[in-house]
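A.B. asks: Sequence order for the protein chains is A and B. Numbering follows my numbering, in which position 62 of the first sequence is assigned residue number 62; successive positions increment by one, without gaps. Counting the second sequence from 1 gives a position; my numbering is that position plus 1000.
Honestly, the hints are just simulated from the structure, not real lab data.
What follows is a set of in silico ranges between Cβ atoms, one per label pair, in the way DEER data are often shown: (1) A/Glu59 - B/Ala1166: 15 to 23 angstroms; (2) B/Ser1188 - A/Ser47: 50 to 58 angstroms; (3) B/Leu1390 - A/Ser116: 40 to 48 angstroms; (4) B/Phe1372 - A/Ser116: 23 to 31 angstroms; (5) A/Asp109 - B/Asn1277: 53 to 61 angstroms; (6) B/Val1176 - A/Val69: 44 to 52 angstroms; (7) B/Ser1363 - A/Glu59: 27 to 35 angstroms; (8) A/Ala56 - B/Val1060: 42 to 50 angstroms; (9) A/Arg119 - B/Asn1277: 49 to 57 angstroms; (10) B/Trp1274 - A/Asp109: 49 to 57 angstroms.
Within a straight-line C-alpha distance of at most 16 angstroms, the following computed EDC-like cross-link-like pairs (lysine to aspartate or glutamate) qualify: (11) A/Lys92 - B/Asp1370; (12) B/Lys1041 - A/Asp66; (13) B/Lys1041 - A/Asp109; (14) B/Lys1041 - A/Glu46; (15) A/Lys92 - A/Asp66; (16) A/Lys92 - A/Glu118.
Covered stretches of chain A, going by a simulated chain B footprint (3 or more residues, C-beta under 8 angstroms): (17) 60-70; (18) 84-93; (19) 115-124.
By construction, the Cβ of each residue, glycine as well, lies at the ideal position given by its N, Cα and C atoms.
The chain contents come next:
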Amino acid sequence: MIALKTWLYGLLLASFASGTVLMANAAGGLSDAKPAATLSVSQHLESVLGKRLADASGENAGRIVDVLVDGTGQVRAAIVDYGGFLGIGSRKIAISWSDLRFAPDGSPDAVAVEFSRERLARAPQVVAGQPVAVVGARRPVWHRAARK
Amino acid sequence: MEEALQPSQRSLSGLDWFTFFLGDIQTGFGPFISVYLVTQKWNQTDIGLVLSIGALASLVSQIPAGALVDAIRSERSAAAAAVLAIGVSAFVIAVLPIFLAVAAARALQSMASALLGPAIAAISLGLVGRHALAARLGRNARFASAGNGAAAALMGACGHFLSAQAVFFVTAGFAVPALAALFRIRDSEVNAASAHGGVCDKRTSGIGPGLMLLLRRRNLWVFAGVIILFQMANTPMLPLAGSELTMQAGGSAVALVAICIILPQAIVALSSPWVGNLARSIGRRPLLLAALGVLPVRGLLFAFVTGPSSIVAVQMLDGVSASVLGVLIPLVIADIAYGTGHFNLAQGLIGMVVGLAAAISTSAAGYVADRFGEHAAFLSLAGTAACGFLLLMLLMPETRPSDE
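Sequences and hints are given; from them, build the entire structure.
C.D. replies: Set out below in C-alpha cells:
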C-alpha cells in the first residue's frame, strides 16, 4: 500500500517536472524567435510524401511513401506504394531518385518517371531489414531499409 | 420451450438494410486507411503504429463487448451507439489527420466494430428465435455481402475520382442511413432472453463465471481451433494474390484486384440464404467441411497457377468459404452457447481468437513470402487450411439441435 502510494506520488511529481521542462522549452523557443542567419527562405519547398507518381505512359503509378538516403545522407531512392485497390494488393518498390522528374510539364504536384508500367510492376518489393533493389539506378544500388 | 416469436415485416426489413449499410461505414477503415494517411504526409512508422493501435483495441474489446451485449436490455441502443461512434471516428479522421486524433478515432472505431458483430447476431436471435436463426443469418449474410461489395465499389471510385479524404466523409455520412434502418427494428420485438442465448443463471453471470461456463463446453474449443486455422490460412491469401496480380497483370491490375474483392461478395450475396436453409436441412457439419475443404485447394492453386485470369478465377473459391462461414460461425456459436445466456460473450471470445489468428498469420505469411517467395507462402497457407479441415473432420460433431 505504502509502496503504491510512494510510486503514485513519484509519478505525479515526475509529470509536474516534465510539464515544467516542456514549458521552459516553449519559453526558450519564443525568446529565440529571431530569424537565424543561416535560415534561407527560398523557392517552393514542400514534402514529397504522398505525391502521385506517373509512369512513362502518364498513368498513375502510386504514391511516394518514403525516401531512402545512403550512408552520407545523399538521397538515393523514393519508396513508392505501387498499384492495389483500396490498399489491398499494393507493392512497395524503390525507384532511383535521379530518375524522378519533378513538376513535369510545369504541374507542381506531379512526379514522373520514364519507366514502363511492366518494369515498375515487376520490381522487387522493399522489405524492412533487407537489401533494397532500386529500379533505374545505372548500377544496382544496395541499401539496407530502415527497420520499422 | 421458447414462445413463438413473431417479428413484424418492418423490423425484419430494418435488419436487412442495417446489415447492408454496415459495409459502407466499415470499408474505409480497412487497408485503405494507410493510403489516406500517406496523402496526409504521414510517415510509415506512424501509419504502422496507428494500425497496430486499432488492431490491439479490437482484440481487447471483443470479450467485454460480447459481455456488454449479453448484459444490456436493448441491443438496438448498443448497435446505435456503435454506429454513431464509427461515424464520428470517420469524420475525425477526415478533418483532423493528426496522430493523437487518428489513433483515438481508430481505437474507438475498433471497439465499436467489436460491439456491432455480436449486436447484429443478438438482434437476429432475439427477433426470430432459435429455430429460424439459420435462415435469418443467411439473409443477414446476403445483405452484408451485397453491402460490402457495393461499398468497395463506391469507396474505390470515391478514392479514385475524388480524394482519399472524401472516402472518410462518405463513410461518416453512411452512418445516417444505417441508423435509419436500425430504428425501423422495433426494440419491443427483440426478445432479450432469446438474444442472449437463454436466461443467465445468477451464479454464472458476469464475464469470469460466464467464460468458465463456456470453456467447459468441449465443442467450443474444437470450433475455435477450426476457425483459428481457417482464418490463419484465409486472411493472408487475398493480399498475397493481389500483390501477385499487381506484378503480373500490368495495366488491368487495379481492376482485377477490385474484381477479386467484389465478385466473391456477389457469390456470398447470392448463395447465403441457400446456405442458411441447408444448415437446417442437412446440418452444419457438411457445410463446414465444404468451406474448410475448399481452402487448401485454393492455397494449392494459388501456389501453382500463373496468369492474371487464373488468379482471379481461383479467388472466386473465396466466395464458397465466405458464404458458408458468414452464416455458420454465428450459428454454430448459438448452437454451442444456447441455454447459457452467454451467446454474445461466446461470440466475443471467438471474435478475439479469430482477430489474433488473422493478425499473426498476416505478418507470418508476409515474412514467408518475403523470405521464401509467394509460392512457399501459399503452400504453407494451404497446409494450415488442411490442418483445420482435419481437426474439423476428426473432432467436431454435428451441432444442429435435434428438434430443428
